[in-house]
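Top line first, the protein sequences correspond to chains A and B. Here my numbering = 1-based position in the first sequence + 23. Here my numbering = 1-based position in the second sequence + 1382.
Mixed in with the good hints there might be a few duds.
Here are the computed distance ranges between Cβ atoms for each label pair [said to hold, decoys possible]:
#1 A/G106 to B/E1586: 42 to 52 Å
#2 B/L1592 to A/K481: 27 to 37 Å
#3 A/E44 to B/G1480: 50 to 60 Å
#4 B/G1506 to A/E436: 53 to 63 Å
#5 A/T82 to B/Y1562: 46 to 56 Å
#6 A/R480 to B/K1582: 34 to 44 Å
#7 A/E380 to B/E1414: 51 to 61 Å
#8 B/E1388 to A/D241: 26 to 36 Å
#9 A/E84 to B/P1654: 35 to 45 Å
#10 B/G1455 to A/R480: 22 to 32 Å
#11 B/V1504 to A/R86: 52 to 62 Å
#12 A/T82 to B/E1414: 52 to 62 Å
#13 B/K1626 to A/A89: 17 to 27 Å
Cross-link-like lysine-lysine pairs, in silico, BS3-like; alpha carbons within 25 Å at most [claimed, not checked]:
#14 B/K1479 to B/K1508
#15 B/K1563 to A/K42
#16 B/K1479 to A/K481
#17 B/K1512 to B/K1626
#18 B/K1563 to B/K1479
#19 A/K481 to B/K1508
#20 B/K1512 to B/K1563
#21 A/K442 to B/K1626
What the hints contain is simulated information worked out from the structure, not anything from laboratory work. As the structure is a prediction and not an experimental result, all values here were calculated from the model. Cβ atoms here follow ideal geometry from the backbone N, Cα and C, with glycine treated the same way.
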Amino acid sequence: MKYLVVNHVRRFTKMVYKKGEEMVFGRSKFPVSQRWNIQLGAGYVVPEVKVAPVEGSETSEERMIAECRNIAQSACERAVAIGLPAFMLEQEHVSQQTNNPEWAAETTKAQVEVLEKYYDEYGIRVSLRQTPADIRIEERGPGLRGSDYDNNIEETMEACAANGASDLCIESMGGKALSDYGISRGDPRAILFGIGVLGSIDMEYMWNRIVNICKKYDCRPGGDTDCAQANTAMFMAGGLLDKDVSHTMAALARGMGAARSLVAVECGALGPLKDCGYENPIIKAISGVPIAMEGKNAVCAHSDLMGNLTCAVTDVWSNESVYHRQEMGGTTPEVWLQATGFESALMNTALQTGQEEVLRDLYTLTDKYRDPQALILAYDNAHRIGEAIVKYGKDPYLRAREAALEVGKIINEAVDANKLYLTRFERESLDSSLKTIENLPMDSDQFIDECIRAYSRKVPEFNPKNYELEV
Amino acid sequence: MNNIEELESKMDQDFVAVRYNVELEGPAITPEKDPDVQAILPKEEPYRSIAMGVLHGDIDEALNSVKEGLEDGLSPMDVINDGLMKGMDAVNALYTKGFFFLPDLMLSGDAMMEGLKESEKVLGHKSETKGTVVSFVAEGDPHDIGKNLVVMFLRAGGFEAIDLGRDVPNEEVIDAVKEYKPIFMTGTALMTTTMTAFPKIVEEMQENGLEVPAIGCGGGSVRRDFVESFPMSVYGVEAYHTPKLADSIIKDKKTWKEIRKEYSEIVGEFVPEYD
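Whenever a hint applies, use it, and build me the whole structure from the sequences.
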């Protein structure tokens, strides 16, 4: 094999969790410790809040610093006001922050000062997650690797780590041109190529660098999410009555996304894996690292069909993102931290009283049959998809393919048992996709060659050189 | 039986989650048997085959029929208007009724565009369209799937869509306005701090004495109150609304102020953001 076997990372070929029911919220096999006395996945769930800088704050460095400081200050005030024992603040960068590493250094420093003050004063356990934006443009030379955009991402990562971030994350975009093409045209081969192959290759490039940066500082490599791909499918699939992308197709993309996002852990990411990665329960089942998730308390950012189910095995509970503005109950950092904070308190009470498995199962059952996308992320099914992935663990293409096939099996079993009902669109889309995927070659090189031939002209942004693939 | 199965066996699913989509969706149809589609599809060959190729989203079927027609001496404009566009009209009818889904529309759009290119080769120049629209993603923003949908909907609706790509500097947008004199523009953004490009572009256009009947702004973080805080702009809610907005400018000479007021009527459906 000429392409994918040049593996510089250790691949997962065995499950860390032997059974799905071993997993529960707040506990992971490999908890993470960070500065400010916080542990993630160590027996308690940590609420997270994330707020997008307001429009106009990008006009100067001073305004951006003030904006980020205000967000941190509001969150800390509310955390103390309602008695939260711990919380995580995440700053997802806007493009201006990542494009100006010196801004990132200063905004991180400003948030660190606020969090540290509250840690010193109240002993509240805090964590500062910094998530630079993936601002690379594939079709603009020199592409994904070594462009000014790419170099700015690396410098910004380092600036955040050097100035006190607890951990670093990213939502990398490799393969997005292909997966966008496939998602909007119902082409499972293009989606598999975009997510399973190109996404995995690009993540390895990105994550080896992030892990090396983190090693130099008291900063942990967090995780990546398939936001650019599987979440695009989920977002476009929308609600039950939307007619853009079938929900079965979105479920297949999610399965492939798990095989892809696992690469961060294989490169050395420790978790908690970033919220927004709805595929995280699958990766937790495989690798045992803690995860962040979002659902019913992320309605400020988008709608999904699994608002409770995503709580079931999470370690950090997030609001995804929200405009920075005033609500009747306070500013949005205050309001949404309160929402995630009280939900985490419920989970922590269950953990303290030995009721965690009951609560986990209730969370799961409220949504399991609401939609195929929810079904496959129920912890028992997430574990099954994990097993499919590690069966072909050494080969990023084959494991993504196998994950998709297992997703299909899980959905079909639930339909046969009269537990889940599909529309004609979902049924046809699943049947034709599975047929296509089953007929794909079992050899990576052959698949890659076929895809390069098939899509180079159709998807003009795609350049195999960005992934070190031979043409 | 483990615990979750025991719990599950006690549940009546109807009290927890109802898949309304399954209850609503009717029986499977063959696209060409739909009465609206029958009314649109041409009866004569080879126009019918060309339109059917587009309707089926089959590039080869459409392209072969187009090539045969052109070799037989048909006028390329007839091939476009009586074949390709009729097929696309049929697709739009099914999409509007909820029988077709986005992938059907995108594949049909691809088939239509291939047929169009082939016809334009014989024509020797670009075919006439209803009008030119310029589409871009705001500077600093790499997220372009929304823009790509907008471009496809515009082309399927008979407009020439100039696709400036993503992360487009404001000056490039201004240059495109000067060059193409569009009847409409669309700008999209996902981040709160990249959508601020829209008012800057409007300001620069005003400084340059340029005017576009309307600029449709949309995308993940974009809100109506933000878009309506500066002139020339209209908040676009769904990608498929775009050709209807463009039509209203061409046919009914609507201004951006009128589109803001009459958005729901123009797109022909209830739009919560505007009601």
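Structure-based check of all given hints:
1. A/G106 to B/E1586: 42 to 52 Å: Holds, at about 51 Å.
2. B/L1592 to A/K481: 27 to 37 Å: Cβ of B/L1592 to Cβ of A/K481: about 35 Å, so the range 27 to 37 Å holds.
3. A/E44 to B/G1480: 50 to 60 Å: The hinted range 50 to 60 Å is violated for A/E44 and B/G1480, with Cβ atoms some 40 Å apart.
4. B/G1506 to A/E436: 53 to 63 Å: 58 Å, holds
5. A/T82 to B/Y1562: 46 to 56 Å: Once the Cβ atoms are compared, 30 Å apart, the range 46 to 56 Å for B/Y1562 and A/T82 is violated.
6. A/R480 to B/K1582: 34 to 44 Å: Holds, since A/R480 and B/K1582 (Cβ atoms, about 36 Å apart) stay within the stated range.
7. A/E380 to B/E1414: 51 to 61 Å: Hint holds: Cβ distance 54 Å, inside 51 to 61 Å.
8. B/E1388 to A/D241: 26 to 36 Å: For A/D241 against B/E1388, whose Cβ atoms are near 46 Å apart, the range 26 to 36 Å is violated.
9. A/E84 to B/P1654: 35 to 45 Å: Holds, at about 38 Å.
10. B/G1455 to A/R480: 22 to 32 Å: 30 Å, holds
11. B/V1504 to A/R86: 52 to 62 Å: For B/V1504 and A/R86 the Cβ distance comes to about 57 Å; the hint holds.
12. A/T82 to B/E1414: 52 to 62 Å: 55 Å, holds
13. B/K1626 to A/A89: 17 to 27 Å: 42 Å, violated
14. B/K1479 to B/K1508: Cα-Cα ~32 Å, so violated.
15. B/K1563 to A/K42: 63 Å, violated
16. B/K1479 to A/K481: 29 Å, violated
17. B/K1512 to B/K1626: 12 Å, holds
18. B/K1563 to B/K1479: 34 Å, violated
19. A/K481 to B/K1508: Satisfied, since the Cα-Cα distance of roughly 21 Å is no more than 25 Å.
20. B/K1512 to B/K1563: 13 Å, holds
21. A/K442 to B/K1626: 41 Å, violated
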